[in-house]
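Turn these sequences into a full structure, and let the hints guide you.
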Amino acid sequence: MAVVTVGITVQRNLFAVVVLFGAYSFLMATVLVALDAVDVAMTEAAVGAGISTVLLLGTLYLVRKEEMKPLHRPLLPLAVAVATGAVLAYGTLGLPAFSDPEAPIQRHVAPRYIHDALRETGVPNVVTAVLASYRGYDTLGEVMVVFTAGAGVIALLRRRRGGRKEDRQ
Amino acid sequence: MNIASHYSYWATIFLTVGGLYIVIARGNLVKKLIGLAIFQTSVYLLYIAPGKLIGGTAPIVAEQFQVYSNPLPHVLILTAIVVGVATLALGLALVVRIREAYGSIEEDEILAQDRDAA
Amino acid sequence: MRDYLVLRVIAKLMIVFMLVFALYVQFHGDFGPGGGFQAGVIAAAAIIFYAIIYGLPAARKVVPDWLVETMVAAGVLLYASVGVAGMLLGGNYLDYFVLHADPVEGQHRGIFWVEVGVFITVAGVMLKIFYLFAGRPGEEEEGK
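Residue numbers (numbering that gives the first Met the number 0), protein chains in the order written: chain U, 0 to 168; chain S, 0 to 117; chain W, 0 to 143.
Source of the hints: derived by calculation from the structure; they are not laboratory data. Each residue gets a CB set at the ideal place from its N, CA and C atoms; glycine is no exception. Each hint should be verified, as a subset may be incorrect.
[Claimed, not checked] Pair by pair, the computed Cβ-Cβ distance ranges are: (1) Ala1(U) with Ala116(S): 34 to 44 angstroms; (2) Pro123(U) with His99(W): 11 to 21 angstroms; (3) Ala116(S) with Leu87(W): 54 to 64 angstroms; (4) Thr56(S) with Ala1(U): 23 to 33 angstroms; (5) Leu18(W) with Ala150(U): 24 to 34 angstroms; (6) Glu108(S) with Pro136(W): 18 to 28 angstroms.
If you want it as structure tokens, here you go:
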């Protein structure tokens, strides 16, 4: 995935960038399956590699350009990015090690959900039970967000009768 | 000491920094949006990697498994992925309209047109 | 794309399979990975696939604009009305255990209808966004 990211940075043909992004999404879905996050992997594969790539290709069809050569050497952004990375790395040294069963997040709330989800909701998939039942409000908010995004895109891209030529003198 | 066992964080940080660099260092608007998407996926990794228990399994309760990976980050990230694609769709719609209004999707050219018009 | 025979035949096979798979993912979300979001996106992808192979006007005939726009709003309404039903039957908003005499069965019903609402909205929004992006005239038609 690191290689694909570097490729996306360097490539200037936008179509190649979109294809690389699709490959990146599939790789991310595979990594998520390796991390036991099967629901998330299915969503990432469907949404990232499916819908995102289709929308990007649709935008490229309407826009159709190659990327311009940068006017000035990007030294300052590179320094800013590397500095941010260094600060993040310093911060993660205090976090628990990978797959530590004594870590705080494994102890407090998660065992309660795993033990009681089947008994209280009758649904073996703990993620669905939490998403639809224990945290139903949040899912309502999420559906609202999807609806709002659809309404926003409709408002932005609705075609007006009579074409758009007279708006661009 | 701690460095070797934190390797999942190194991968996450590399992706975060890569996405951040694409957003601030590239002028093409579509590429900026792709960089934003990479940044978002690195945040998903940041949340899910600590929840994994080696030897555990997916959080679907069944008879033969005792140890499960933590399901709570999965719920958060599921919502985050859907919100991310909603953001991407809106961003791309804005890019299409900017293209029609300015004739270009390069940040430098758009700023130059604004400066000339002001 | 209509002239490529191989694409058309493969598309006919795969679109049916994709739609059935979307329904499978939706209804088996309780027992395996899946649920409303994944199923909605897979269903929208199946119709998008049809639009890519057979052209956008053909897809607009199969799934017309008014149906897609109704789907976008209907899912949210369904979700919210499950919550209101919980309130009318005595509990708080979005309480599922009052929906049936047996609370676990009530949870089942609540989760089922809520996931259906999510499926409808997500499929509708993804499809509508694709229709909007693909329906605009492209570069060469604008006569620049």
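Against the structure, the hints:
| no. | hint | in the structure |
| --- | --- | --- |
| 1 | Ala1(U) with Ala116(S): 34 to 44 angstroms | holds, 42 angstroms |
| 2 | Pro123(U) with His99(W): 11 to 21 angstroms | holds, 19 angstroms |
| 3 | Ala116(S) with Leu87(W): 54 to 64 angstroms | holds, 57 angstroms |
| 4 | Thr56(S) with Ala1(U): 23 to 33 angstroms | holds, 28 angstroms |
| 5 | Leu18(W) with Ala150(U): 24 to 34 angstroms | holds, 26 angstroms |
| 6 | Glu108(S) with Pro136(W): 18 to 28 angstroms | holds, 22 angstroms |
Violated hints are absent here; each numbered hint is respected by the structure.
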